[in-house]
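Below are the chains, spelled out letter by letter.
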Amino acid sequence: MSAQAKLYSLFADKLFNVCLKYSRTPEDAQDTLQDSFMVIFKDIKKFKHKGSFEGWAKRVTVNVALQKFRKKSIIKFDDIEESKIPEEKAYVDVEEKEISLNFLLSLINKLPPQYQLIFNLYVLDEYSHKEISEILDISVGTSKSNLSRARKLLKKQIDAIKKLQL
Amino acid sequence: MSKDIDKLFKDKFKEYKATAPTEAWPIIQAKLKMIRKIRLLYMFSILGVLSLISFMLFSTHTENTLSKPLHKNTSLKNDVILKVKEVKEVDVNNDKLPMSKPQENSKKLYATIATKKESKNNTPLEKTTFFDKKFKDTVIEKQVKKIDSLVNNLDNLVEDLKNDLKKEKKKLLKKKDSIEVEKFNKEKRRRWNVIPVFGILNSGRLSKNVTTLGTTRAVTYPDKYFDDNKSSGLISSTYGFNVVFRATNRISIQTGIFSKELRFLTEDLFLSEFIPDVNPTNIIYNPGVEVRFSNTPEIGGSESASLAQTIVYLEMPFELKYRMFGSLKFNTNIIGGFSFLYLNKNEIRAKTDIFSRSIGRASNVLTTSTSLNIGLDVEYHLSKRLVFNSAVIYKKHYNTYKDYNNEYSPYTFGMHVGIGYKF
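Protein sequence lines, in the order shown, are assigned to chains B and E. Under the working numbering, think of the first position of the first sequence as 185, with each following residue one higher. Under the working numbering, think of the first position of the second sequence as 528, with each following residue one higher.
Derived by calculation from the structure, the hints in this document are not laboratory data. Misleading hints may appear alongside valid ones.
Calculated lysine-lysine pairs in the BS3-like style (CA-CA distance at most 25 Å, straight line) [stated by the list, open to error]:
no.	chain 1	residue 1	chain 2	residue 2
1	B	198	E	541
2	B	255	E	856
3	E	530	B	347
4	E	541	B	294
5	B	234	B	314
6	B	256	E	541
Make the full structure from the sequences, and use the hints.
Below you can see the structure in the form of structure tokens.
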């Protein structure tokens, strides 16, 4: 088994996990995974052993996914002045056991691309608003407002499903 | 119990374990292989070029250094030794040589060299030449072998790359087809298309461009009626609408209803007042028309005329369209099929310099006939609903005339355009 094959077998599942969050369909996720590994193999010398390799590979994957979004030109952020941003949290009245992970993933994938990106980056991958603003070339305010909207949309969908179940 | 939405997602995703698709790794491997091959090819190309340059430089240098001795039957080394010796000799005889004649001086010098060379044994010189030649041959052989192996490697690499590219192309085509099928499935709701069409036609006859208005039955009459006068097609038009049903991603069925006009002109005729008891032509004259037509002028002169024949059909085509190539916006189709034709208008007009009037109709045009259609069609999708359609269609008619075989049946070649509505 070559070193590349070993690396792939070690990290493919973890990185595919990331790809699924940042793609609209499983096919897109597979494309992102393939492209990410190509970048990883090409740029592996750039990994300076600061932090874990897994963390570095995940960042590469997120960047590849973002590039794909940019190429498709499907991101349009709602620009809002920073001062007008309320940092709103959202709450849902559900038990964790009632909701499957695949359902949550489908909710993320159905979000408008700009909300999907910011929600993933901030909530699931724990980037700060400042980091997000640098990565996506937007203001911190825009990042916050889009996150609030993403939360609201997700809450709306979960509440709707909850009502149907009742 | 209320739960923070961020926490809900975070907690759930912590336990999420996706499995990468099995087909991803072979694709990555193929891509890596391709990159390696390209790098190798690039490296070999550079090596090849460098080897070629070095070979050329080396061989030129060798040629320069070896050509002199080979030509003069001596080596560079011997040349140098001789020159040193001769310089010594020149030094000795320097006083005797006139300073004003340096050329003579050098001539003498070389003459001395030549005499000395001849007086010496040639064997060591020949040996050196043989060594040099052999050395040169070995170097050239080595370089040639190197280049041959490089070229062979490059050929293999190019072959491999070609095969890989073919495979990739096949994969992409498959993917493209699947995308098109998906697109077709998405657009299933808009499979019908109604297109109002207008077309310009040119009519003609394939082999015998002879009028069908004359007759060969004029044996009992001394005058020759215009049975072999030339007839030419005139520009005419067609209009109606097509209904297209997209059956599959590539095949569509097309029908419709059209009014199709055909026009022919029979020239070089003369008016005649002689009205025979039996009509010897294929014209049924309108009541009150008291002139006839002949292809020979009467004695004393008669006015020249021509006959313009107009045939209008109601046409119902049944055609298949096959999409050859295209994109989301633009498609090119080939069309093949047939049409049923029902005679709707049959008129003959006489034209002279002075008047033009309807004189009757042709008696030999059949009420129903058919045509075989073939053409090329281009579609441009203006929007989700509207499509611009343009087609070039050739139609060969069959069973048009009584008593005439299909060689006389007309053909039309036309350009059709229209804007269709998809629903």
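Cross-check of the supplied hints:
no.: 1; hint: 198/B to 541/E; result: holds (11 Å)
no.: 2; hint: 255/B to 856/E; result: holds (21 Å)
no.: 3; hint: 530/E to 347/B; result: holds (16 Å)
no.: 4; hint: 541/E to 294/B; result: holds (20 Å)
no.: 5; hint: 234/B to 314/B; result: holds (21 Å)
no.: 6; hint: 256/B to 541/E; result: violated (29 Å)
Comparing the model with each earlier hint shows a violation of hint 6 alone; every other hint is respected.
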